[in-house]
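Based on the sequences and whatever the hints tell you, model everything.
Numbering (UniProt numbering) for the sequence shown: 1 to 170.
Among the hints, a few may not be true.
As a list, the in silico BS3-like pairs of lysine-lysine whose alpha-carbon atoms are at most 27 angstroms apart [as the list claims (entries may be wrong)]:
(1) Lys120 with Lys106
(2) Lys114 with Lys98
(3) Lys121 with Lys137
Treat the hints as calculated values from the structure; they're not laboratory data. Note that the structure is a prediction, hence the values are computed from the model and not measured.
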Amino acid sequence: MRMKASVTVSESGSDKSEIQNGTSDKIEAKSGNMTVKTLMEVYEGCITHLRKSQGTRRVNSLKRISPANFTRGTRARVPNEVIQQIRSLNNLDVELYKYAKEIFVKEHELVSKKMVSTSKKSIADLQNVFGEMEGEKLWKFVSVALMLLLIFLLFLFVNARRRITSKVKI
Numbered sequence: 001m002r003m004k005a006s007v008t009v010s011e012s013g014s015d016k017s018e019i020q021n022g023t024s025d026k027i028e029a030k031s032g033n034m035t036v037k038t039l040m041e042v043y044e045g046c047i048t049h050l051r052k053s054q055g056t057r058r059v060n061s062l063k064r065i066s067p068a069n070f071t072r073g074t075r076a077r078v079p080n081e082v083i084q085q086i087r088s089l090n091n092l093d094v095e096l097y098k099y100a101k102e103i104f105v106k107e108h109e110l111v112s113k114k115m116v117s118t119s120k121k122s123i124a125d126l127q128n129v130f131g132e133m134e135g136e137k138l139w140k141f142v143s144v145a146l147m148l149l150l151i152f153l154l155f156l157f158v159n160a161r162r163r164i165t166s167k168v169k170i
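Structure below.
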């Protein structure tokens with residue numbers, strides 16, 4: 001029985017034993033000799049390793065970002081040119097959003113019109129097909145179709161009953 005490899009992550013990366021253990025796991029997986037227990041152990045090790053490495057990356061990236069200071073005094077020291085540039089960029093973002101919204105509404109209306117026209121065309125085609133039949137022929141067609149459907153359902157019911165009774169007989 002193999003021991004579960006301990007997974008430790010330093011800032012620089014993992015050590016050689018983990019790499020060797022990972023390759024032996026891959027070889028074992030390719031050969032198809034992994035048991036469920038071994039597979040679960042390897043999976044848990046991978047998930048633990050992934051969580052630790054992502055956590056370390058997050059902590060390191062947050063350390064590199066200098067903390068933002070949003071006090072009133074700090075905001076008062078921001079030059080007016082920077083504030084005006086931020087406002088103009090925000091206005092551009094709002095205009096871009098409105099323009100994209102207009103495009104979306106136009107596309108939505110176009111697609112809706114196409115769907116309505118195709119459904120109307122389908123209904124008209126059906127009316128043409130059934131409209132060519134006279135009233136008496138239409139009722140005969142509907143009655144024959146319902147009769148065939150009823151016979152088919154009866155056939156399915158009888159077969160289902162046979163299967164149930166054949167399983168009961170010993």
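Hints, one by one, checked against the model:
1. Lys120 with Lys106: holds (21 angstroms)
2. Lys114 with Lys98: Given that 27 angstroms is the threshold and the Cα spacing comes to 24 angstroms, the pair holds.
3. Lys121 with Lys137: Holds - the C-alpha atoms of Lys137 and Lys121 are around 24 angstroms apart, at most 27 angstroms.
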